[in-house]
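Visitor: Sequence:
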Amino acid sequence: MSDHVHVVLATDNTYAPWAGVLISSILDTRPDGAMEFHLVEQGVSTDNRERINALGAGRLDVSIHWYTPDPCAFSSFPIKRYGIASYYRLSIASILPASVKRVIYLDCDVLATTDIGDLLDDHDPAHVLAAVENIGGPTSQLCKPGRYFNSGVLVINLEAWRARRCEEKLLDLMREQGDTFEYPDQDALNVLFHGEWQRLPLRWNVQPGVWSRYEKKRFSKTGYDADSFEAAVKRPGLVHFLAKKKPWVFGCFHPFRKLWLSYLDDSSWRSLKPLPESIWGRAVHYMNVASHAKEMRRARYLSQQSSSGCVRAP
Numbered sequence: 346m347s348d349h350v351h352v353v354l355a356t357d358n359t360y361a362p363w364a365g366v367l368i369s370s371i372l373d374t375r376p377d378g379a380m381e382f383h384l385v386e387q388g389v390s391t392d393n394r395e396r397i398n399a400l401g402a403g404r405l406d407v408s409i410h411w412y413t414p415d416p417c418a419f420s421s422f423p424i425k426r427y428g429i430a431s432y433y434r435l436s437i438a439s440i441l442p443a444s445v446k447r448v449i450y451l452d453c454d455v456l457a458t459t460d461i462g463d464l465l466d467d468h469d470p471a472h473v474l475a476a477v478e479n480i481g482g483p484t485s486q487l488c489k490p491g492r493y494f495n496s497g498v499l500v501i502n503l504e505a506w507r508a509r510r511c512e513e514k515l516l517d518l519m520r521e522q523g524d525t526f527e528y529p530d531q532d533a534l535n536v537l538f539h540g541e542w543q544r545l546p547l548r549w550n551v552q553p554g555v556w557s558r559y560e561k562k563r564f565s566k567t568g569y570d571a572d573s574f575e576a577a578v579k580r581p582g583l584v585h586f587l588a589k590k591k592p593w594v595f596g597c598f599h600p601f602r603k604l605w606l607s608y609l610d611d612s613s614w615r616s617l618k619p620l621p622e623s624i625w626g627r628a629v630h631y632m633n634v635a636s637h638a639k640e641m642r643r644a645r646y647l648s649q650q651s652s653s654g655c656v657r658a659p
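Start counting the sequence shown at 346; every next residue gets the next number (my numbering).
Keep in mind that a hint or two might mislead.
Lysine-lysine pairs mimicking PhoX-like chemistry, simulated, CA-CA at most 25 Å apart [stated by the list, open to error]: (1) Lys-590 to Lys-561; (2) Lys-489 to Lys-566; (3) Lys-446 to Lys-514.
Hints were generated in silico from the structure; no laboratory data involved.
Work out the full structure: start from the sequences and follow the hints.
Guide: Encoded structure:
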């Protein structure tokens, strides 16, 4: 387990509470060991900053740093349904101090269920970038099946990134091809690192498609075998709430929804707990028997591991 961990999050004010929930889960699953959180932000309110800063209070081995890049550097890039903060991961190396050599980048819709320091132990520093394959989402025309990674969880060797001028190359890609990319910054990363990224164990970015492929035994079109899928559903390290499966939206069915909500309930953002817009909306949700059954079945995969203390129960 790595002793000192640097974690980078990029957020705006809308996602700031969810960044706070993620930080809470990381601190809860890593009670010991130095942690530095680097928040690259755009428009985060003073109130949300203070609440996030308070998460590290009482721990001398935890520090939280804030950075506000100039958004003009990214103003010509397509925003689509993503905020401009989504591009900040491309410039981490120049935003963070040169003394930071290696980081874990996380999207704010991620939840930690085990010690994140173990993720660094799975990274080979010889690789500039390490990631988990994109599972079950829309296929990309940029890469063959099994060769396209999800950028929601990344381990980056910043020294090598800077030496290879990766930021300059990524920004050039966005200027030249950004309008053609379906998932702008993720596509740019996949183009630059095509065939060169390290494949991390699937458990470090458990996406919704992992459960369905595990249940249907459909592994052949991915770069992971059956054992990798079993480890991901039974011993997850980081859970990624992709697409519409957001736990802060009422009606979300996900095996880790209750765990995420428990962190929200324990936080200063508990008033944001999702509620139905109407009585009819509540009725429709609770009558969705099939989705409830699927959620409960998938949560049971973890029963043995959680009871033995290998992973926090959902």
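Visitor: Are any of the numbered hints broken by this structure? If so, which, sorted upward?
Guide: none
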